[in-house]
Structures are given as structure tokens and as C-alpha cells.
Amino acid sequence: MEYVYAALLLHAAGKEINEENIKAILQAAGVEADDARVKALVAALDGVNIEEVIEKAAMPVAVAAAPAA
Amino acid sequence: MEYVYAALLLHAAGKEINEENIKAILQAAGVEADDARVKALVAALDGVNIEEVIEKAAMPVAVAAAPAA
Amino acid sequence: MEYVYAALLLHAAGKEINEENIKAILQAAGVEADDARVKALVAALDGVNIEEVIEKAAMPVAVAAAPAA
Amino acid sequence: MEYVYAALLLHAAGKEINEENIKAILQAAGVEADDARVKALVAALDGVNIEEVIEKAAMPVAVAAAPAA
Amino acid sequence: MEYVYAALLLHAAGKEINEENIKAILQAAGVEADDARVKALVAALDGVNIEEVIEKAAMPVAVAAAPAA
Amino acid sequence: MEYVYAALLLHAAGKEINEENIKAILQAAGVEADDARVKALVAALDGVNIEEVIEKAAMPVAVAAAPAA
Amino acid sequence: MAHVAEWKKKEVEELANLIKSYPVIALVNVADVPAYPLSKMRETLKEQGVLRVSRNTLIDLAIKKAAQDIGKPELEELAKHIQGGAAILATNINPFKLYKFLQESKKPAPAKPGAVVNKDVVIPAGPTSLAPGPVVGEMQALGIPARIEKGKVSIQKETVVLKAGETITPQLANILNKLGIEPLEVGLELLAAYEDGLVYGPDVLAIDEEQYIQMLQQAYMHAFNLSVNVAYPTKQTIEAIIQKAFMGAKNVAVEANYITKDTAGDILGKAFRVALLIAQELPEDLLD
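Here the protein sequences line up with chains A, B, C, D, E, F and G, keeping their order.
Going by this note's numbering, the first residue of the first sequence is number 1, and it counts up by one from there.
Going by this note's numbering, the first residue of the second sequence is number 1, and it counts up by one from there.
Going by this note's numbering, the first residue of the third sequence is number 1, and it counts up by one from there.
Going by this note's numbering, the first residue of the fourth sequence is number 1, and it counts up by one from there.
Going by this note's numbering, the first residue of the fifth sequence is number 1, and it counts up by one from there.
Going by this note's numbering, the first residue of the sixth sequence is number 1, and it counts up by one from there.
Going by this note's numbering, the first residue of the seventh sequence is number 1, and it counts up by one from there.
Bear in mind the hints are in silico, worked out from the structure with no lab data behind them.
From a predicted model like this one, the values you see are computed outputs, not experimental measurements.
There could be a bad hint or two in this list.
Stated by the list, open to error - Calculated pairs, DSS-like style, for lysine-lysine (alpha carbon to alpha carbon, straight line, at most 30 Å):
1. F/K56 to C/K56
2. C/K39 to C/K23
3. C/K56 to C/K23
4. D/K39 to G/K107
5. A/K56 to A/K39
6. C/K23 to D/K23
7. A/K39 to B/K39
8. G/K20 to G/K65
9. G/K64 to G/K9
10. C/K23 to G/K261
11. G/K119 to G/K157
12. C/K15 to B/K56
13. G/K106 to G/K150
14. G/K106 to G/K178
15. G/K235 to C/K56
16. G/K235 to C/K15
17. A/K23 to G/K261
18. F/K23 to C/K23
19. A/K23 to B/K23
20. A/K56 to D/K56
Please model the entire structure based on the sequences and the hints provided.
If you want it as C-alpha cells, here you go:
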């Protein structure tokens, strides 16, 4: 999950999610970055609208709260 | 949310969540770390069972269904 | 389930789901393909909108919460 | 998802999930295999109990059916 | 359960569920048909909407989810 | 589903599930048996512990829905 | 049989012929059935059978004669079930269906002293239409908690006055009739039925339909499970098979945090939810 958190950190900080940035973060965290996984992650996230995805992910919590109201 | 992601990254990597480590990650992400907030975060997370929270987060279905009870 | 995975692989890759293609994949996986099973699967998938079926499977959470409202 | 299907096909067939086998399957399906993604998948699956995770799988489908009541 | 499978087979095949047909199937399966059981089955299923009954069986969720509605 | 019912009938009657027996049952039910489908079924069931497989829910529904109850 | 009256011989002959001409021969008790329901039943059965009332002794002779004529000694067994005011119901309807049909055709009937009820008789709580009078004392004597309320007799508590199988006393019949409760059932009571060498008693013929429905559902689920679990596709299961394969693949990918188009949402979502839940535990001024 380290790779995913690194990507989300970059997203939250408004920085570009690229191999270099992810590796820098992982290194700073003392994690030895696996080149292939970093590459694969960046490739997989290409074209993914992160904002939208995490909004949807937060939804079940919101929906769950509704009926209780 | 950057601070939280940094903390979660450390947790996932099995590293200690302390001020120094969090600052290092934020810096690598190009975020200017606010000393007071980092301190407060570390203090606040002390006593939070992150593993438990992760488990809860992995089960959106159950969470969603709960209020129906 | 090997046969079904092969079919879904073809679907995901945007290739035609036919006997020949499924057999080629199974062979590459070192599985001896049973002609009759391949035929039966291809026949059963005829007319099925896989994308739609998968979508139905993938979107449960919000729906699950709905009736509780 | 092609890569994942290839991995599960190998699992279902009782074959080893390694880079070589995954690539062979993808090739047979006419997919140009991306080295980094294949490597990343193999690395990511290391330590995952596939059998167990698959068993957990089907439930969202069922939940999705609920509003039919 | 043989008798019930025979009845479902007739239903799936669009044939009438009557004593003669059930006995023919059981005989073909090498089962010595008990007259009274065949008669009882046919009488019990008389007027039963099998399609509806098995649809309900296919969606146990509906039952489980019902109290949530 | 006719073919599956025929196989289950044989299983329930303690008879061997083979092509010949399945065809005999289908014929008795007035269904024209498709050779490939019969073959595919027999192949799919080869080595399968039927008792176990029929009890294993294809969609473990109730578990997911349970918290809603 | 020289001393037997000519009409009796003829009657036995006719009954025997009737028995021989239908596959299913049932004995029904018509002792307590008034004429109207009886003729109604004849009409309903018209297409599928004949109902003949006769003397028990003649029915007995006719069954034995028919059994001999067609060489089916098993049919003689049926004669042992003759009781009450027996009648012959000769039909094409399978005995189980016939039993079901006769049960469903029964109608409620008023209480009669000496009759046996076949289900519990309950007097419901609440007001009745009865005016105050000696009836209150009569009820209390039978253990029915009656009282005068707002000028009417009222029952204080739901009371079971008879259990299934018990006999109605004259006192209770009187009360039940006053209350308009009809604890009896009138209709043809099936004593036994013969078909194809077998005599079926009512205990065998009373089938639990709910149980058959459950068996149907179980059988269907077994077929469904088998089809999906061994990936043998049928029209009814192909979708479930695809979904099972897809969900299995997806779950494995999500568990492995392997991001694809289909898992990006779940994996990022998982991480985001963790962050969100953690954030909820933090003091507000820590968050943006």
C-alpha cells in the first residue's frame, strides 16, 4: 500500500504523479522502491480521475449516514 | 490530508511514525511541513490503532449496511 | 474456471471470444483444452453483454445501502 | 485486468504465477505484455492467499441483487 | 431428491410434469420409480408456479435484505 | 439447466455421471441431447466432489447482507 | 345370494361396473353432508368422475366383486375402510390431487353436540353481539371469561375451548352457535383411495406442499451452485459465472493492491477511507 499512499500524497499536494516523485517519497520513507511497481502504478493511474474515484469511495459512508438522519 | 498520507505510508512501510520521518516524506513530496502540525499529528496518532482503522475501511459494504440495523 | 478466465482475458484485451483464441490461451497456460468445454462456453457467451454483466457485479455498495433508506 | 486474469488462469490451472508464464498467456491472447506491469503483478501477488481471497469474492453480486426484493 | 430433479428437468425442458414423464426419466436414470411418490410429487406441484419458486430460491438475498427495507 | 439436472439426478441415484447416462435421461425427458454439451458437462464434473460443490454457495450472499438484518 | 333382493343384486352389479371403469376408486364419508353440497360436488366432479351413494354392505360387495372380476385382489383392501355413510367416488384424478381437492372444498359448519373437531376451537377476546343474560353464567361455567361491558357480553381473554380431536358437548355447542363460531367442516371426507394395486389412506395422502416447494428450491440451488462452481455454463448461470470470475480476479487484484481500470477505485478508495477515518480521530485544527 506504500505506493498507493505515495500517489495519494502527491495528489493531495497537487503534485504530478510520476515515477520520480513517487520514488523520492518512498526513499524518504526508507522504503526501497521497486522500479517495476512504480512504473506499473504510474501507468495504471494514467487516465484515472483520482478526485472522482476518491469521492465515490467516500460515498458509502455518506450514504450510510443518510438513513440514520 | 498530506500529513495523514505520510503517516499511513510510514505505517504501511513498518516505520515509526515520528516527526522526523513525516517531515522527510513531506519534503520529498515538495510539501513545506508545518512543525506544529507535524507535532500535533504525531501526538494525536499516538493511541490510534491504525491497523483497526484499515480493517474497518476495507469493508465498505458492512459499513454501509450497518445503519439499517 | 480456467476457461472463463481465458474468455474474460480476451474480453479485457478487446479480442474476439472464439474457440481458437480460448484454446490458444489455455495452451499457453499449459492447460490441455477440452474441445467440448470450449465450445460450450463460447456458445453460452453468445449474446451475453459481458461489460454489462461485469458492471452489475462491480457496483454493489451504494445500491446495497439504498433499500435501507 | 488482462494481467490479473492471466495470473488467475495460472492459479486455477495449478501452474506457477511467474513473469514468464504470465507473458506467455498474454502473448497467446494477442496482448503485448508490459514488462513492468507483469513484474509488478508478480511482486504484488507474492504473499496473497489467492484461494482465500477468491472465496471472499462473490458477495457484492448478491448484495447488488437486494433491491429486487 | 431424484424425483424433484426429474420434475425440474421436465420444467426446464418445457414438458408437462406428469406421472408418465417423471417415471420415464427415473427409469432412464436406472431408478425404480415408487408409484406413490411420483403421484404425490405430481399432486404437490399441481398449480405451483415453478418459475416463480426457483426465482425466489436464486435470490436468497432478497430474504436476507428484507428486514432492512 | 436440463443437463445439470440430469447429472444431479444421476448423482442422487448413485449412478455414474457419464455421457451415455445423461443422454438417456435427456431423451426420456424429450430433450434432444447436444453431444458437445453433454461431453462438456461430463468433462467439467470429472474429479469434482459433487456433494461439496452443490452445497457451496456460488454467491455467498447471506454473509454480506447479514449486518443489514 | 338367492335370498338377496333383486334390486340389491342390480345395485351391486352397477357399483361394480362403475368401479371397474375408473382407475381411481375412493371411498368417501358423506354421513354428515347435506344434500346441497353433495349435488354441488357431483357437478364439480362431472367431467372427471362419478359419486355414488349407496349402502355400506352393498359397496362392500361391489368392491369384492370388482376385485374378483378384474383379478386385482389388492382392490379388496379398500373395503376395509368402509365406515360412516360411505360412498364411492370413481375418478381419473390422482388420489393425492383428489385428497387435496376434497380438503379445499370443505366448508365451515355450525357446532353439533357429539361431533369431533379436527382443529382447536378458539373463542377470541373482545366484545360479542350477545345481550346480557344467563349466557354469561353458562360461559363462565365452561371456563370462558365473559363479562358485561357496555351492555354486551364481552370475552376477556382469548380462550381455547376444545382441542383437536375432542368432542363438542351440548353446552358448548349452544355457546358456539350463539357466538356464530363454526368449528366443524362439512364436505366429503376421504376414507381411502385405490389406484393401480395400492390403497392409500388419508395419512399418506395429506402432503405438505411447502415441503415440496422447499425441495424444488433446494434442488435448483444445487444445480445453480454446481453449474457456477464448476464453470459449466447454462443460460441461467452464465452471468453468475462471469461475475464470479470477475469478482475473484478483482478481489485478488484489490487485495494485492494491483491497480487496473477495474481496481483503481477500490484500492484508492481503500487508502482514502483509511485516511478519512484517521482524520476523524484528529483534532480539527490539524486538518486543512
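Hint by hint, here is what the structure shows:
Taking the CA atoms of F/K56 and C/K56, the gap is about 22 Å. The hint holds against a cut of 30 Å. As the CA atoms of C/K39 and C/K23 are separated by approximately 10 Å, the hinted pair is consistent with the 30 Å bound. With a CA separation close to 28 Å, the supplied pair C/K56 and C/K23 stays within the 30 Å bound. As the CA atoms of D/K39 and G/K107 are separated by approximately 78 Å, the hinted pair breaks the 30 Å bound.
Taken as a hint, the A/K56 and A/K39 pair is honoured in the structure, with Cα atoms around 25 Å apart against an allowance of 30 Å. Restraint check for C/K23 and D/K23: the C-alpha separation of about 16 Å stays at or below 30 Å, so the hint holds. Among the hinted pairs, A/K39 with B/K39 is inconsistent with the structure: their alpha-carbon atoms are about 33 Å apart, more than 30 Å. Distance restraint check for G/K20 and G/K65: the Cα-Cα separation of roughly 10 Å lies within the 30 Å cut-off, and the hinted pair is therefore satisfied.
Distance restraint check for G/K64 and G/K9: the Cα-Cα separation of roughly 13 Å lies within the 30 Å cut-off, and the hinted pair is therefore satisfied. Using a Cα cut-off of 30 Å, the hinted pair C/K23 and G/K261 holds, with the two alpha carbons roughly 26 Å apart. At roughly 19 Å between alpha-carbon atoms, G/K119 and G/K157 fall within 30 Å of each other, so this suggested pair holds. Our distance criterion of 30 Å between C-alpha atoms is broken by C/K15 and B/K56, whose separation comes to about 39 Å.
Distance check on the hinted pair: G/K106 and G/K150 sit about 37 Å apart at the alpha-carbon level, beyond 30 Å; violated. At roughly 22 Å between alpha-carbon atoms, G/K106 and G/K178 fall within 30 Å of each other, so this suggested pair holds. The straight-line distance between the Cα atoms of G/K235 and C/K56 is roughly 17 Å, inside the 30 Å bound, and the hint therefore holds. Annotation: proposed proximity of G/K235 to C/K15 holds, straight-line Cα distance about 23 Å (limit 30 Å).
Between the alpha carbons of A/K23 and G/K261 the distance comes to roughly 22 Å, so the proposed pair stays at or under 30 Å and holds. Proximity of F/K23 to C/K23 is assessed by CA-CA distance (about 26 Å); at most 30 Å being required, the pair is judged to hold. Taking the CA atoms of A/K23 and B/K23, the gap is about 16 Å. The hint holds against a cut of 30 Å. Proposed proximity of A/K56 and D/K56 is supported: the alpha carbons are some 22 Å apart, at most 30 Å.
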